Amino acid sequence: MVAMNPARTGPAAEPASHRRALAGLVVVIAYLVLTWFVAQASLSVQSVILVAAVFAVLAISLDLVAGMLGLYSLGQGGFFGIGAYMTTILSSRYGWDVFLLLPAVLAVTGLAGAIVGAMSLRVSGLYFAITTFIVTLVLTVLETNLEITGGLQGLLGPAFPDLPEALAPLGAPVAWCIMLALLFCIGLVWNIRRSALYPVLLSIRDAEPFAEAAGARTALIKVGVFSLSAAMAGGAGWLFSFLGVVSPGQFDWSVSLNVLVMVLVGGINTTLGPIVGAMFVSMFPVLVNINPWLQEILYGALSIAAIALLPEGVIGLGRRLFLGRRGIAAPVAHGDAPPPEAVAAGDPSIEQVDAAKAPAAPRASGEVVLECRGIECGYGLGPKVLKGVDLAVRRGEIHGLIGPNGSGKSTLANVIAGRLGPSAGTVTVRGQRVNGLPPSSRARMGLRRTFQAAELVRELTTTQNVTVGLYDRVPGIVRRAALWPMLPSGRRDGAMMRGRARDALGAVGAAGWTGERVGDVPHGIEQLTQLAAVCIAGPDILILDEPATGLSAREVAHLARILADLRRQGVTMVIIEHQTRFLFPLCDQVTVLNLGEVILTGTADEVRANPTVRQVYLGE
Amino acid sequence: MLQFVASGIAIGCVYGMIGMALAITFYVTRIINFAQGQLMMVTVMVTAEVTGLGYSAWLGVVAGLACSCIIGVLSYLIAVRPILAFNRFGFGWLVSTLGFAVMVENGAAWLWGPTSIPFPTILNNTSVHFGEAAVLTGQQILAIATALIAAVVFEVVRKRTLFGKIGMATAADPEMASAFGVNTTTVAIVAFAASALLAGLAGVMIGPSTFANPYLGDTFGTYGFIAMMIGGGTERPVAALYGGILLGLSAEGANALINSRASDWFPFLVLALILVVSPRGLFSSQSPLMRRRVAAAAR
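Residue numbers (this note's numbering), protein chains in the order written: chain A, 1 to 620; chain B, 621 to 919.
Check each hint, because a few of them may be wrong.
Stated by the list, open to error - Computed beta-carbon distance windows for the label pairs: (1) B/F709 to A/G374: 33 to 41 Å; (2) A/L309 to B/T735: 31 to 39 Å; (3) B/T735 to A/A168: 48 to 56 Å; (4) B/R708 to A/V245: 40 to 48 Å; (5) A/G436 to B/Q623: 49 to 57 Å; (6) B/V777 to A/G436: 39 to 47 Å; (7) B/T735 to A/G519: 50 to 58 Å; (8) B/R708 to A/A159: 44 to 52 Å; (9) A/T612 to B/R708: 55 to 63 Å; (10) A/G519 to B/I769: 44 to 52 Å; (11) B/V777 to A/L309: 31 to 39 Å; (12) A/P292 to B/I769: 36 to 44 Å; (13) B/Q623 to A/L381: 41 to 49 Å; (14) B/F709 to A/G436: 42 to 50 Å.
Keep in mind that the hints were calculated from the coordinates and are not lab data. Bear in mind the structure is a predicted one, so any value in this text is a computation, not a measurement. Backbone N, C-alpha and C fix where the C-beta goes; we use that ideal spot for every residue, glycine too.
Produce the entire structure from the sequences given, and follow the hints as far as they go.
Next comes the structure, spelled out in structure tokens:
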């Protein structure tokens, strides 16, 4: 994994990128030579390889949604069938040109995928798998019972058109077509995996609130990627129709499940895994030529064994054996280093600020940029968590939000950020009413937030996680994803984003952790990574939910300096925190919540002096 | 008219029993055992084999149920437990339970051959008249009675006994449950044995009319799964029985009212429609049908 990481910026980057381009060229040429051999091979060998290649396309299409978005689609068999039947029926009955049919098939299956995706997204996880499973089931029943699909016997697929005379020495044209299609799909997914969209996709998979808070319209992205995956499966159906008979049994739910077997056995979310898995599953009956029942029993046993013994698939195992697991010993080396001082020393503007005396004169004159009025909110049928909460935050001020556990602080943060809809009351940002706007739209307005329990992608590095924060600051991340590493602008923006992410991590005091996977870092570093991911976007309003949790005393002091510095840059902040010793010196205003109601809003001194606050919160 | 309603309910109860069997294991482990239909088939095959050797049908039934319980527990130990131990939230079980189903099905086909063998008639030859309109065999009535008893027993165990609550706790958070001293493995083994027993009973009910065939599990497993899904059995196992009855009614109704092959596709139309309206099933707490009731109960 590490070896594949794109090069760092700087003088070394150019030769490295040339070397990579050369390596890519060698692989592609080797692939074409292989294709040439396949095209020349005997029919029986060719058909085994081509069927495996079609299934590899199908497996890649599943890996795209299951591996990167965690959507385990069992609808791939169904979309595969739509593609094959559509090609067969329209070409043999109505005489459509097969090459004209390809875009038609892609469009129809893509649209079908978008519709199914939009409908199934009402449910998640297992229910998504089940809903798509049922799509396949219903399609198979239609294929079996409709007149036009030829019932259980099916239809004979179209013949692939011959090449012009001059190209005849190339061999079977259908072999070239299928192998090139597979190469195209491999390349497409490889590109996406190296694009700036990849960390965003994984964060939608593992930490959806984080992706939304970075401005990603997660539902739209999910539907879009699922639609792409369905179109790919439809394209596989188009390819498959040239290989012989098209009948319902080839597209039923067991095919969907077999495609999942391929992905899981090969290794989910890897480039080669789906291909290895597809080869194993589709070539198994050919290679193990014994009593058909015994063969099936062996297949069942092997797939159980593969899942039980190689939970990360064949490729995952290979990666572990050959590359080793990085980053297990590394944190020890970083843990003792005092990152705060190292960073602060390089930046005089930070050093000047003394955390204890941070607040300058309160800027009460600033306009109100964030206002909550009469917020009521509750979970399900239980009692209301917020009862008529009013909160007004002026430009450039740090507004503390304190209160005992269960007083509704995080709920209020979620209402402001848009994760929860209040049952009554309004939230306004810079005078604009934002009720009903999703978190992603509020993030695009410059309202960023962190989470009490860090929401991050554990298998990515801290740097990659921080780049997610730039999602709406770099244009065309989605548009360019399919070609990202091949585009000069993609490589440039990628390097720029990683560079800025490392700088942001350095600025919050996590400079020593830029290459570590989030799963390997301590809790405090996760908090700092979250903070870097919001700071990198140059936010206007920040909501920080217990940012000091898990930090050492030294890191807390550094955090206070960072926050004071952000305020001097004009960032408005709402900070939820229990450590009043850290919070109060920073705050212009403090609001105290208790049992969902505002007890008091005032300066830190007023709050400290208030007898009610002392009683309910400070415990005196 | 009444005839298709009566026979629809009878076959629906068989689907519902398999649906409930799926729901019981889902209830405890949050996985769907794709080998459930095959567990039903094991009972049917063993019962037919033992009876064919000249023993009494009841001995055959007991032997068949015992075998499917054993294989059900094996399916947990081999295809579920090791996979959940690695990742409780992954989807590896989809592959491994299906692999187990493939093994059991082809093992049976290898042992007994792919053709059907006779099954004891049990109560299939007695018939009960309901007025002029409907006739049910004793076997069909037995199926309805068994399904109802199973549903009642299951609900009582789930709601009124400590074991049922332990099952619920195990489903929600196995680690927390074991921290309270629950042996989650034992709970799961009991659940898998109970679900195999229920699937086996469904097999005994349907065996006299289908005969014993190694590929029986495919069809009935799929129908049981549909019963669970349209009912909403993933939340409440009893809802799978309602779903099964709805499925049976729509299949028999389609045959009687549309044409003799309509049962091949009509139930799937119903299924698709129901899941568009209520993705978690018709009798789940989130269905438009039930939402009002839940809100009323909370008030």
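How the hints compare with the structure:
The beta-carbon spacing between B/F709 and A/G374, approximately 39 Å, falls within the hinted interval of 33 to 41 Å. One distance hint, 31 to 39 Å for the beta-carbon pair A/L309 and B/T735, holds here, with the actual separation near 36 Å. For the hinted restraint 48 to 56 Å between B/T735 and A/A168, the CB-CB distance of approximately 50 Å keeps it satisfied. A beta carbon spacing of about 42 Å between B/R708 and A/V245 agrees with the range 40 to 48 Å that was offered as a hint.
In this structure the hint that A/G436 and B/Q623 lie 49 to 57 Å apart at CB holds, the actual value being about 54 Å. Distance hint check for B/V777 and A/G436: the Cβ-Cβ separation is about 46 Å, which falls inside the suggested range of 39 to 47 Å. Evaluation of the 50 to 58 Å hint for B/T735 and A/G519 yields a pass: the beta carbon distance comes to about 54 Å. A C-beta distance of roughly 49 Å is found between B/R708 and A/A159, which places it inside the suggested range of 44 to 52 Å.
Between A/T612 and B/R708 the beta carbons are some 45 Å apart, a value that contradicts the proposed interval 55 to 63 Å. The hint said 44 to 52 Å for the Cβ distance between A/G519 and B/I769, and at roughly 50 Å that hint holds. Judged by the Cβ atoms, the range 31 to 39 Å given for B/V777 and A/L309 holds: they are separated by roughly 36 Å. Hint check: A/P292 to B/I769, Cβ distance near 41 Å, so the stated range 36 to 44 Å holds.
A hinted range of 41 to 49 Å for the beta carbons of B/Q623 and A/L381 is consistent with their spacing of about 45 Å. For B/F709 paired with A/G436, a C-beta distance near 32 Å fails the hint of 42 to 50 Å.
This entry does not satisfy hints 9 and 14, going by the numbered hints stated previously.
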